[in-house]
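Asks: Here is what each chain is made of, one letter per residue.
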Amino acid sequence: MRRYRAVASGAVAVSLLATATACGGGSSAGGGGSNESPKTLTYWASNQGPNIEADKKILEPELKKFEQRTGIKVKLEVVPWSDLLTRIMTATTSGQGPDVLNIGNTWSASLQSTGALLPWDEKNFSKIGGKERFVEAALGSTGAAGSDPAAVPLYSMSYALYYNKKMFADAGIEKPPATWDEMVASGKKLSKDGKWALGAEGANLSNNIHQVFVLGKQHGADFFDAEGKPDFTSDGAVAAVKQYVDFMAKDKIIAPGNAEYAQNQSLSDFAKDKTAMVLWQAAASTFKSQGMSDDEWGVAPVPVQAGAPGQGKNVNSMVAGINMAVFKNTKNLDGALEFVKFMTSDEEQKLLCNTYGSIPPVKAAQSDPAFDRPELKVLRDTLATSAEALPQVPSESQFETVVGTAVKNLFASAANGGEVTTESVKAELAKAQQQMPQQ
Amino acid sequence: MNTTAVPATGEPAVRKNSPGAARGTRRPGRARRTALPYLLLLPALLLEILIHLLPIVIGVAMSFKELTQFYLRDWGAAPWRGLDNFRFAVDFDTPAGESLLKSFTTTCLFTVLSVGLCWLLGTAAAVFMQETFKGRGFLRALFLVPYALPVYAAVITWSFMFQRDNGLINHVLHDQLGLTDSPSFWLIGDNSFWALLIVSVWKGWPFAFLIIMAGLQNIPKELYEAGALDGAGMWQQIRKITLPSLRSVNQVLVLVLFLWTFNDFNTPFVLFGKSAPEAADLISIHIYQSSFATWNFGAGAAMSVLLLLFLLLVTGVHLFFTSRGRKATDA
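First to last, the protein sequences are chains A and B.
Counting from 1, one number per residue, gives the positions in the first sequence under the numbering used here.
Counting from 1, one number per residue, gives the positions in the second sequence under the numbering used here.
Since the hints were made in silico from the structure, they are not lab data.
One or more of the hints may lead you astray.
[Unchecked claim] Straight line, CA to CA, 25 Å or less: simulated DSS-like cross-link-like pairs of lysine-lysine:
1. A:K426 x B:K102
2. B:K274 x A:K431
3. A:K426 x B:K240
4. B:K221 x A:K431
5. A:K377 x A:K363
[Unchecked claim] Calculated Cβ distances over 12 Å to all of chain B for the following chain A residues:
6. T179
7. P256
8. E260
9. K328
10. E400
11. K408
[What the hints assert, rightly or not] Not close to chain A: a few residues of chain B, all C-beta gaps over 12 Å, as computed:
12. L139
13. N170
14. L187
Just so it is clear, CB atoms sit at the ideal spot from N, CA and C, and this is done for glycine as well.
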């Protein structure tokens with residue numbers, strides 16, 4: 001009898017325990033932030049350095065500094081790019097996320113539409129020193145036009161043409177190409193004996209998007225119409241994608257092997273003197289980690305179709321960069337704003353951007369002499385005069401996936417010797433467009 | 001003898017001895033005895049409901065909703081859309097439906113080939129390992145290594161080996177043996193199907209080997225001895241004795257391998273990343289892309305429900321035929 005009772009009550013207890021644990025995990029998804037736990041913050045940083053460990057080493061001392069000043073302990077997690085968006089989505093769904101997080105600035109409008117991020121209205125901006133502190137171009141990539149930004153700029157970057165000086169000298173080329181015609185002409189001289197002119201990350205969806213977006217601008221095409229509806233199959237968009245893939249398919253200045261690159265292999269090829277040029281953003285620290293000294297490579301603006309970089313059809317970069325956002329469900333709203341203020345302060349901006357080789361989106365920090373290096377001068381000029389933000393529409397991140405995949409597929413077919421025609425490009429883009437959400 | 005005798009004499013004795021006294025305590029006793037198994041099952045049952053059934057129910061509910069990024073934060077508020085998501089998924093005239101159908105046929109072909117090869121390799125190895133010879137234990141352990149390795153570590157190694165320019169596979173096939181004119185791509189284009197199949201079979205066959213090996217232990221030696229006396233050669237012994245004896249083991253093994261392979265997500269995801277090449281676009285990764293990459297979780301859930309129904313159907317048909325077969329042999 002006693003044994004029976006013990007067994008039975010044990011069974012009931014285990015059942016209750018199971019139910020309780022299962023129900024205890026969630027918390028309400030609704031509601032805004034609070035100040036329930038003012039002494040701690042969780043921060044998801046994106047991977048900016050050569051690897052995650054390097055990021056931790058760079059950020060930890062700064063977080064210590066913040067803790068000494070404010071008494072708020074910041075728990076840091078560096079999230080790899082491959083996981084970041086999924087992690088943010090999961091956090092949005094469950095309401096259990098970090099307090100402060102980095103986002104790719106191109107995702108701003110997509111994440112803004114989920115309502116998970118704290119809107120940066122006048123009041124919030126005033127707590128970090130005001131909107132005027134930031135560069136205009138960087139603010140252009142913080143959310144849909146007409147609504148309060150979903151994030152504030154943290155690090156800015158733009159694309160530039162990096163070239164390998166030794167390979168240029170060996171091929172007898174004096175200056176980096178300024179137009180795509182020159183690129184193809186020089187490229188044919190460079191591409192021989194197992195060496196190639198241009199590197200590409202053919203299987204990296206985001207990188208594909210960055211390249212074809214700029215080429216699209218140069219062909220007078222946007223990938224979205226004025227109402228924010230996808231428009232992938234316009235003549236300009238098709239010509240842009242075809243031009244990019246043709247560097248491999250027709251001009252043969254990109255090695256076929258690049259079609260499967262997605263982990264910055266093109267940068268190692270560059271450092272190993274196998275590829276003479278890459279279109280990249282802030283590559284200096286990676287080159288250094290690959291054993292290349294600063295005088296072995298040069299920087300020039302990304303080529304245009306004709307003339308010099310500028311606005312309209314002469315845009316030659318996207319506004320690249322990282323934004324910092326506050327999760328709406330934060331339990332330490334004041335602390336989170338304080339932390340954003342700290343990270344966007346002139347002092348931290350100078351220090352962190354200098355370490356990461358990016359450009360501070362904070363005007364006052366830009367004047368620091370550390371940012372007058374030739375590389376950063378090119379990147380800064382590009383950002384100020386000839387860069388444009390990717391479409392600030394809610395379906396931007398879907399666009400990156402479907403059009404990025406389309407370009408990946410076209411590269412794959414080019415690499416396997418298939419022909420890339422206007423029709424095949426258009427068909428691939430039409431397929432991508434039909435996968436976009438119907439709004 | 002002894003065991004049957006004891007209850008035959010014991011039970012009536014109990015009944016006879018205490019008819020009145022027993023009646024008072026027996027009823028609650030019986031209730032208790034009948035309730036106890038259920039009480040003991042309760043924790044497992046509740047956990048089963050919480051961990052398996054509840055998510056399935058939520059998933060099914062999601063498939064009737066328009067769950068896009070706009071409703072992600074408060075997904076209870078997403079509007080109901082009836083069968084729209086299902087219509088979207090199975091409308092084979094649109095690219096979404098067409099690619100789902102293509103992904104489905106790819107998965108079927110992949111599963112049939114993978115399960116077939118896993119079974120064949122597993123059975124062959126198990127049969128050869130029956131003979132005792134020096135080093136048998138070592139080989140058995142070695143064969144089980146792929147099964148013991150963590151999936152991620154193993155598959156990422158394969159993805160390095162399959163790289164076109166620096167991978168081991170092309171180094172052997174192209175550089176050393178000269179079998180191909182130019183290095184082939186394995187991770188993009190049509191070859192990716194074979195790359196995926198190779199990794200899947202490598203990963204799956206040790207399980208078949210293990211199960212068949214266990215099954216072989218139950219076949220009485222006498223059968224083989226009798227077969228040998230009747231003049232059956234090795235091939236005939238395998239066909240007439242080994243395989244029929246393994247029948248029930250095989251039925252379970254093939255079903256389990258089928259379900260695992262059909263649903264496999266880890267292998268293609270680690271091998272190809274977020275967007276698998278069309279030739280290797282398995283259904284699980286296709287559903288992942290339809291929900292996570294395009295942020296349309298309703299459509300992804302609808303595809304998952306369709307997948308669930310298909311797998312239930314296959315399992316049902318399999319069980320129907322195998323159990324009927326078993327009854328026929330029993331009778």
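Asks: Next step is simple, just say for each hint if it's right about the structure.
Replies: Against the structure, the hints:
1. Note on K426 (chain A) and K102 (chain B): the hinted pairing holds, with a Cα-Cα distance of about 21 Å set against a maximum of 25 Å.
2. Of the pairs offered as hints, the one joining K274 (chain B) and K431 (chain A) holds, with about 18 Å between alpha carbons and a cut-off of 25 Å not exceeded.
3. With a CA separation close to 59 Å, the supplied pair K426 (chain A) and K240 (chain B) exceeds the 25 Å bound.
4. For the suggested pair K221 (chain B) and K431 (chain A), the alpha carbons sit about 61 Å apart, so the restraint of at most 25 Å is broken.
5. About 14 Å separates the Cα atoms of K377 (chain A) and K363 (chain A), which keeps this hinted pair within 25 Å; it holds.
6. Every Cβ of chain B is farther than 12 Å from the Cβ of T179 (chain A); the closest lies at roughly 30 Å, confirming the non-interface assignment.
7. Some Cβ of chain B comes within 12 Å of the Cβ of P256 (chain A); the nearest lies about 8 Å off, and the non-interface call is violated.
8. Interface exclusion of E260 (chain A) from chain B breaks down, the closest Cβ pair being 5 Å apart, not more than 12 Å.
9. Distance check on K328 (chain A): its Cβ comes as close as 8 Å (rounded) to a Cβ of chain B, failing to clear the 12 Å threshold; non-interface status is violated.
10. In this structure E400 (chain A) is not separated from chain B by more than 12 Å, as the shortest Cβ-Cβ distance comes to only about 9 Å.
11. Not every CB of chain B lies more than 12 Å from the CB of K408 (chain A), the least distance being 6 Å, so the non-interface label is violated.
12. Chain A leaves L139 (chain B) outside its interface by the beta-carbon criterion, the shortest separation being 35 Å against a cut-off of 12 Å.
13. At the 12 Å boundary, the C-beta of N170 (chain B) falls inside the reach of chain A, the nearest C-beta of that chain being 10 Å off.
14. Listed as a non-interface residue, L187 (chain B) fails to keep its Cβ farther than 12 Å from every Cβ of chain A; the least gap is roughly 5 Å.
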